[in-house]
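> Start from chain P and add chain H according to the hints.
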Amino acid sequence: MVLFQAILEALSFVFSWPVIGFVLLGTIIGLVFGALPGLGGTVAIALLIPVTFSFDARVAMVLLAATLGGVAFGGSISAILINTPGTGPNAATMFDGYPMAQQGRANEALAISATSSALGALFGLVVLVIAIPFVREIILSFTPPEFFWLSILGLTIIALTAQGSFLKGIASGGFGLMLSFIGFSGLFSSTRYTFGSNYLFDGIPLIPAIIGLFAVAEIINLTVKGGTIANNNITEASGSVWKGVKTVLTRPRVFFQSAATGTLIGMIPGSGGTVATFLSYMQAVQTSDNPEAFGKGEPSGIIASEAANDAKDGGALLPTVVFGIPGSAAMAVLLGGFIFHGFSPGRDLLDSNLNVLFSLIIALGLSNIFTSLIGLSLANQLSKLTRVPVRLISPAVLTVALVGAYSLSFIWGDVILAVILGFIGYFMTVHNYSRVAVVIALVLGPIMERAYTQSLQISGGEFGILYTRPISIVLIVLTVLSIAAPIIRGRAKSRGDSL
Amino acid sequence: MSDSSQEFSDGGADASGSQGFVRRLLTVDPNRFDMLFTAALLVFMGALIVLSFDLSENSRRVPLVVAVPTFVMLGVVMVILVSDRASAFVEQYTSGSILGVDKDIGVTDDDSDDEEPLDPEEELYQRRKRQVIAFSSVLSLVALVYIIGFSLAIPIFLIVLYRWWAEQSWLVTVVTTVVVWLFIVVIFYVLLNVRLYRGLFGFDIVRYLPF
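Each protein sequence line maps, in turn, to chains P and H. Just so you know, this note's numbering puts the end of the first sequence at 1231, numbered straight through with nothing missing. Just so you know, this note's numbering puts the end of the second sequence at 278, numbered straight through with nothing missing.
Okay, chain H solo, but in the shape it has when bound:
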């Protein structure tokens, strides 16, 4: 295990309870997330290789020529990520990150200059929290749109995010929401004649507008 992962594992060890569990989860070594992502790609590629054997010979030839080497390369990436010895071996024969894998990825130093520098674990924790918020907000919007359609979901989503996540005043929240919503309606509904998805209940508040 690399030094950085050891540091992150130790850092979370003294936390307790459900909050401690969440904190430990959110401060997992970035390298492990890299492994997880690479493993997911590996599984996807493996599944495609297996599915290829159900296809006719002509139909699977080119996909297999692509999928097998890609699978092997992902496997090599995985080995390098897992093993420090493999990483050192590859680095010995390659120039920096051209063939090797950068193991210190996942955390970048692009946060605000005005804030006091955080310790690495706290910085990682804050970043992961923002990741969870970002992913949740995207998924919430999709769920909202699926249920109540674009025309209603967009203003609700924007009001909630602007007021409680962005912590804007009601005035800024309402004005920004109206401007964005009208922009979408005018461009897509009025000018491009797009009939926006109405959701499970057929909501379409746009049709009540005088356009």
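The following block holds chain P by itself, in its conformation from the complex:
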């Protein structure tokens, strides 16, 4: 009953004016950032969060969710028309999308992508909505010891699944946790690791940190890459749109298989969309009656990639909103947006702010539908965005990022912090450390320490409370398994190789 009321309330909120306008605005911003290779949803949301500073918190969340919804399909436009994926996960779309465009079937390919994206996103969100009542019961039974182990598990999984090396992933998480401990701690009435700086007294602010680690670092990355974003010729969108829509509807097996894979992969924190789309693409090839056609303009290739890519957002939202463990970099930044606007993952979003959660889910679904409609009609224009030289984009984005960092608290130190973390973030990318792990640790660090302290307060200082409760034991076992798995797998592999 509570859930049903929250859904109804969210529906009336999202479809009211001007909220629906913000959904549309977010969709367009997401489309543009998605179509621009190198930027993507993470940078879009990092730049948008400061802009939403004075917004009503719910409207802000709707805008951020809609932006995220617009990114995935935006990336497929450049993949299909210019053979350059807008975002990493769109790379699998390129395999069959670009050959179709070269055969004069670009509109058909775009329609397949748009339909698969919209339906895939809706599939993922429906799974999320169905899962919420169950996970809600679980999360409401959690107490501080469980939250403590959940934070540990979350960090371990992020480090394990983050790109790059496991050791560096774990070290990145540790680095982020230590950053989260900087400043005055109300729990212990003490100031830690401020190096005598007054600015650091309040700790490392999350949003300037995110702007630095993602927006500033990406701008440096783009500048170092140089050149025009896309060097390939743009294929004009031509062919039948309706045929593309029908193609998806007549291939339900590929669609549902891919959407289910995308949703499941999305639920695994840190795994990201690229894994989802490539796995789904491989599945489609393996289960096809005509596997030779893949890579030469096979519509099922686009369905597999795009359905999985958009469905993963619904899946990735689940660990993000329930456990505060984001499924991807974009989700990590979105989580920063939640916290910035006063919403905490877990109990808060699943209990007292359930209507906010559903508003976000509806906005995400709606933006995927808008994205597909707008994207289809403006595909040619959007693909031309990729011809804009990086040298025109990066100075503009850099200035917006720094103004954004300053505008949150009007503190000059926030700008300096964003720049320092931007440099660190760039080096982390270059040297295979995980920026996502740092952001997650910044979010989870205070939660973890609070849970730890509360647990000991409850038990009167007895450490047994941390490892005697059943759910805690399950979480400890999962944590140990997640650390041991790659070592065991590695040893098995090396034995196999030596035989």
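Hints were generated in silico from the structure; no laboratory data involved. One should not assume that every hint holds.
Derived lysine to aspartate or glutamate pairs resembling EDC-like cross-links, with alpha carbons at most 20 Å apart [what the hints assert, rightly or not]:
{"#": "1", "chain 1": "P", "residue 1": "LYS957", "chain 2": "H", "residue 2": "GLU188"}
{"#": "2", "chain 1": "P", "residue 1": "LYS957", "chain 2": "H", "residue 2": "GLU190"}
{"#": "3", "chain 1": "P", "residue 1": "LYS957", "chain 2": "H", "residue 2": "ASP271"}
Here the structure is a predicted model, which is why all the values come from computation and not from measurement.
This is chain H only, laid out in the frame that chain P set:
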């Protein structure tokens, strides 16, 4: 020392003078930069561990539980980066890059397809030059903003970068600068009511606009 680092060291050996020095500096083996970055993280973590001992027992407990293993892990990463034997030992017991450290990082092949392929040293040199430009431009913007404030620093920064770094025509430079500047002013100053930082001399050209 790995083969790749040997190659980069040799490549820069015949250069001479200050230009040669800059070139040698910019073509240092990517692995050494990885070591340098890891060393910086190691020092930072070490400093936090030392500072922890000034805190009360309760206040330092969780940070130490995090910092000590992180320090150890960074140390292991460092050893792997420095020693080929350690790297080979770790690889023996792990699956690829899950626990091991990828030693061939720092150079990626994402440059323009249209250009003729460069030799590895030249490619690294060009990339490092772009890195220096990127870092310098970010630092210049920060310095400019600190001295003259956002409202004046942004157009100056954009004009300089668009005209001389991006090599755009004056028309494109001016139009793009005005569009970006107006975008920032309208969004932050007009709509969000943000009072942009005015710098050391209190410059605020936005207040002269008819908004």
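> Which of the listed hints are broken here?
3
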